[in-house]
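J.: With these hints in hand, go ahead and build the complete structure from the sequences.
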Amino acid sequence: MPERASAQTWVEVHRMVLAPGERAPQTPDDTRQTSLELKVKGFLIYAAAIGEAVDIITPAGRTLSGTLIAINPAYTHTFGAPLPELSYIGGEVRAMLKDRGNAP
Amino acid sequence: MSPPNSYAAIMGQKAAIMRTSIGIDYAQYATGPLSFDYERLFADTGYDLDAIRTIQQHTAVGNTPLVELANLTELARAVAKPGHGARIFVKDEAANPSGSFKDRRASLSIHEAKRRGYAGVVAATSGNYGAAVASQAAKAGLICIVIQEAFDSQGIAQPEIAEKTRACEAYGAEVMRLSVGPELFYVFLQVLKETGYFNASLYTPYAIMGIETLGYELAGQVHERAGRFPDVVVATHAGGGNVTGTARGLIKAGATDTQMVAASVDLSGLHMASDHDFNRKSFTTGHTGFSVPFTTWPDRVDVPRNAARALRYIDRFVTVTQGEVFYITQVLAELEGLERGPAGNTSLAAAFALAQQMSREQIVVVQETEYTGAGKHPLAQLNLAKQMGIAVVRGHPRDNQPGQRIVIPQHPAQIDVVEVDLDRMRSVYLRNALKTLADGQRPTEIDVAFLAAETRLTPNDVWEVVHEQGGTAG
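The listed protein sequences derive, respectively, from chains Y and G.
Note that the working numbering numbers the first sequence so that position 100 is 100, with each residue one more than the last.
Note that the working numbering numbers the second sequence so that position 181 is 181, with each residue one more than the last.
Bear in mind the hints are in silico, worked out from the structure with no lab data behind them.
Small disclaimer: the values here were computed from a predicted structure and weren't measured.
Cβ coordinates follow ideal geometry from the N, Cα and C atoms, glycine included.
Careful, some of the hints might be misleading.
Unchecked claim - So, partial list: chain G residues that the calculated Cβ filter (under 10 Å) puts toward chain Y:
| # | residue |
| --- | --- |
| 1 | Ala78 |
| 2 | Gly155 |
| 3 | Ser359 |
T.: Okay, structure coming up:
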């Protein structure tokens with residue numbers, strides 16, 4: 001059963017803007033094989049399930065239509081794990097300054 | 001007959017849509033077949049430096065700290081030749097409301113939109129400018145729509161852009177996220193047409209004048225601290241607005257001998273509209289994918305005439321590698337206690353190398369910083385790089401390969417700049433300018449004077465190029 005959302009829920013919708021054959025003339029070959037897609041978030045006008053065609057009101061007050069793809073979508077960008085390629089730099093440069101008699 | 005909303009149909013309406021959404025009649029500035037009155041474009045805005053400073057004061061923009069990076073200077077001196085190692089200062093633009101110098105550009109654009117009675121503003125940008133416009137629009141009570149190029153065909157969102165999406169939504173803007181491609185402008189035109197909102201372009205005179213206060217401030221701040229103007233100011237260079245605005249501000253402050261250095265991350269080999277390459281670069285702006293095309297043809301933008309004309313102001317153009325910027329970002333945090341976004345440290349990496357070429361008494365100013373956090377942070381960017389199959393290693397920066405290998409220096413002495421040939425940039429620019437002439441049309445004397453100003457060549461030099469190229473298009 002696809003997840004349902006009630007009216008006025010914050011959601012994300014998807015739309016195809018240009019099909020692969022409709023891309024701008026200067027589009028490089030690899031991109032040319034793909035569609036130009038649009039994703040926008042807004043408040044659902046009528047209750048609906050993921051995958052259905054819906055209308056939303058965006059924060060700009062515009063009514064946009066699309067396919068419902070996410071309900072209350074989380075922001076998932078983060079930091080990730082520390083990297084050994086960065087972790088030692090601080091100790092290295094502090095040692096260099098200490099050698100010069102200027103320990104910070 | 002193309003369908004009404006097709007790429008061709010909408011692009012065909014570009015001029016009409018631009019006229020309504022910017023409210024500047026660029027045609028009236030034409031002075032010849034290819035020239036226009038650049039200074040009058042600025043003068044006609046009706047704003048001067050004092051007016052802009054007042055506007056920015058009311059919107060919490062500007063008057064950012066100038067910070068001397070004493071420990072970084074000491075590190076540069078540790079690897080420089082004796083007597084070398086200029087004092088490194090940074091203008092902490094992250095202190096602006098939305099976390100970057102872009103607030104200066106947005107403040108004037110939004111002020112003008114409101115003054116003219118527009119109900120809303122639209123910006124096409126995946127960068128900090130979107131958040132800046134959203135933030136200023138919120139303050140001004142204007143509706144805001146930001147259009148981003150945000151994810152690839154696999155649905156993988158660039159984490160830096162995901163953070164901008166979040167910020168714009170936090171300020172109450174509508175954010176339209178597009179997949180990779182060269183059609184950002186096409187979607188932008190459609191939205192402007194449908195809404196009738198103001199085009200908060202990065203390239204109107206408003207957006208450039210907003211940055212002049214940055215150059216003006218830093219000149220005054222250095223003078224106050226050191227009794228003289230900076231020897232060198234380094235600005236990250238992409239579309240040209242940063243360099244143009246800062247240089248104009250320095251000149252207005254009287255710092256006419258200050259050397260203006262443009263710095264970009266070298267991403268040669270990557271195609272900017274390529275679905276494959278999109279998430280294989282760690283910098284979404286401040287790189288050669290923008291700076292080279294924009295330097296050699298500024299009028300490729302979303303307004304008929306770009307107010308950002310970097311070749312007029314650049315004294316020196318250098319590149320650095322992605323790895324060097326990540327390294328210096330780490331050093332800035334651990335030696336100076338300033339945790340700032342990597343993209344905003346492109347000019348810091350360049351300045352670290354340049355300081356070693358200068359004497360100890362001289363002063364180099366890094367003209368910006370930007371905020372950092374989830375998505376923007378070096379960890380987020382380098383973890384994405386690894387996920388996309390890019391090697392991330394310690395080594396010598398010269399072994400870097402954009403899209404394949406990011407090399408973090410093993411030692412600060414390895415950080416260096418690569419010179420970009422400005423003479424070649426000037427030649428390419430002139431060729432592009434002359435191409436706009438109709439068949440058989442020759443440039444006028446005014447055109448040549450304009451081209452001389454654009455490239456800082458003499459009119460004679462320009463005539464030579466005109467004759468070499470047959471003086472006509474094609």
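J.: For every hint, state whether the structure bears it out.
T.: Hints, one by one, checked against the model:
Hint status for Ala78 (chain G): holds, given a least beta-carbon distance of 5 Å to chain Y, under 10 Å. Hint status for Gly155 (chain G): holds, given a least beta-carbon distance of 9 Å to chain Y, under 10 Å. The criterion of a C-beta within 10 Å of any C-beta in chain Y is not met by Ser359 (chain G), whose closest approach is roughly 18 Å, and the hint is violated.
Against the hints set out earlier in the document, a violation occurs for number 3 only.
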